[in-house]
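*Asks:* Relying on the hints, combine the two individually framed chains into one complex.
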Amino acid sequence: MKTWPLYEVFIRSKAGLSHKHAGSLHAADPQMAIENARDVYCRRGEGNSIWVVLSSEITASNPAESEELFDPAEDKVYRHPTFYHVPEGVKHL
Amino acid sequence: MNIIEIESGFQEKIDKDIRIEPRDWMPDNYRQTLIRQISQHAHSEIVGMLPEGNWITRAPSLRRKVALLAKVQDEAGHGLYLYSACETLGIDRDELVEQLHSGKAKYSSIFNYPTLTWADMGAIGWLVDGAAILNQIPLCRCSYGPYARAMVRICKEESFHQRQGYEIMDTLCKGTPAQKAMAQDALNRWWWPSLMMFGPKDEESTHTAQSQKWGIKRFTNDELRQKMVDMCAPQADHLGITIPDLDLKWNEERGHYDFGEINWDEFWAVVKGHGPCNKQRLEARIKAWEEGAWVREAATAYAAKKENQMMSKAKAV
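Protein chains in written order, with my numbering: chain H, 4 to 96; chain P, 2 to 318.
In isolation and in its complexed conformation, chain P is listed as follows (with noise of 0.2 Å):
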């Protein structure tokens, strides 16, 4: 067989929903899209501890911290699978690591805005788990058995985050009128970053298309922006709070609600580094790396030892 009858038989396979496995024949260049998308993804979930990781101590109440907690602990967990899949690519775990600190990998924007108060866990949870649901549930479906699988069990656990977001949101709403203002504050800061989070229009977007005829992507960010859009104007709504978009409205005809342009200027920016927290996140990602060696070192230490102790005991006998 040539180069170009492997190619279409492994297009053939991806058209006929035939997964593919880590051993299986690939084109390099589906291998290097899907090292850039799964690292890129198990990034956002470790770097997406740190904002909410600054709120578990304040939480108002145990029900929330221990809350708060497992979600941020869930979110490791993901960032864990992540990695795992991704390296079934041919990629070790310090490439990955070594990528995310000097910049080479990208992380998801929406983790390099601040977390000003309490509401903003309720907004993250509401809005930015909902995003990001609403992007992985297709990616079960995706052609790389190891990312599908992975995104089954994190799709599972995500579902709690988003629910526990609305309900802070739902009780700040219920509550005095100085706790609904904070909780409309919230929506209205991470309103607009929650939308970026599907990336360029698709006009834009340099991968779409191959991704979607390699069965990694389902749908394009303008169709999932929708979704979102359509998804939280009712539970908006429903909280009383409004969604600070002056465009936003339901359009019979298309069965969709409208909805105005996103500040592109903006999302372009905090891609290239420059949001208000870019910096700050990446240093305590490299802080915790660097600290944490010495655990890592006397782990191993620890482990040659007790293996010298196995052998010496063997020898013994």
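Next up, chain H with everything else stripped away, as it sits in the complex (with noise of 0.2 Å):
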């Protein structure tokens, strides 16, 4: 018999809070994966809503290629508020 798909689980964890990865599982379907995140990831209170996702269904950039891909950010420092000058006594800047 072929496995049971793996599943990716999220867990928000109280109103206001974006769902963040907890873990992941293997079901038959999505919904036993909700059913079965809530038992193996939230036991103690843990969340109040759960995502799930086929784990084959991700798309994940290249950890090989990360350098190239997250250069680009590196050397702007003008994207930070810390690269301008403020004059002395100016406030709320």
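Because the hints were derived from the structure by calculation, they are not lab data.
With a straight-line cut-off of 30 Å between C-alpha atoms, the simulated BS3-like cross-links for lysine-lysine are:
no.: 1; chain 1: P; residue 1: 157; chain 2: H; residue 2: 17
no.: 2; chain 1: H; residue 1: 23; chain 2: P; residue 2: 157
no.: 3; chain 1: P; residue 1: 17; chain 2: H; residue 2: 79
no.: 4; chain 1: H; residue 1: 23; chain 2: P; residue 2: 14
no.: 5; chain 1: P; residue 1: 157; chain 2: P; residue 2: 17
no.: 6; chain 1: H; residue 1: 23; chain 2: P; residue 2: 307
no.: 7; chain 1: H; residue 1: 79; chain 2: P; residue 2: 14
no.: 8; chain 1: P; residue 1: 214; chain 2: P; residue 2: 228
no.: 9; chain 1: P; residue 1: 66; chain 2: P; residue 2: 157
no.: 10; chain 1: H; residue 1: 23; chain 2: P; residue 2: 17
no.: 11; chain 1: H; residue 1: 79; chain 2: H; residue 2: 94
*Replies:* Dropping the structure here:
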């Protein structure tokens, strides 16, 4: 028999926060994945909302190429407020 | 980059305490070492449910029963976190289960000892979970990200296990002489196997040096074993029961307890499959897996049926 597919589980710990990756599990279908995620990742009130997605549906960046991918952000210090000079005595900046 | 540069780059990351993630390059031996260790750990959680499952229906009160049920359920959960972490290394779940059932993969020898009385639930929580916590806390900083993250969750949950065990021991020790004797008997039987949980002596541990270099292991077996003795000796004093070791005594100079020699013949015999319950534990796991086959098949068939229904609905529209 074919193994049940792998799902990635994302949990929102409380309203107002985003869903965060909690781990993964095998299930026959998405509904079962949610039910199992409740038992595996939420035994102590860790969440109030669960997302599950087939692991095979996730497209990820390639760690071998992360240098090229993230390099353009490295030298743009002018994107941060600390780059700019604030004249002495000026407030609310 | 040639392979030597790649390998030294890897070691540099480890030395800088940068975590390794599943799709990062890693030496094949690092991968194999982790698969062996994480799967062994996962199997231990799963097999570890059996000795305690033995007492759920005979727990002496509802309070004890819900606690034991919750503890056993946590162990199932811990097994699942760890199997998932292991699968990120490129091995699939069926293969892991198969390795357990065929005896190719090991699990912690402690679960090959029988649970003869209710006091064993106390001794297991106090000593076995106590030892597990000492082993696991440093693993929260393990160089492999998914393993470290699983360990953080596990350690948080495990502290209740140790406390509930100690509470059982404390209650028995404050009870009738017969109850206290039961607690003493459990300590007598579980003490040495618990010290064996830290593995062979440092000079005989084949994996320690490499695992330390790779940031998988932070302390040696003997260092952790000493911590265990130092932690438990005063706890046993508080209970008013005696650790079964005539050589156990405080060494002012070292600032640690001295303790006697483990029976290493017993240690290796149980590792090699000749403990009191090795056969029974594996048979129970295989039986559960085989008898659960119809459930797995039914769930797969149901999932396929629902998918077909959705497809034909979509067509009708």
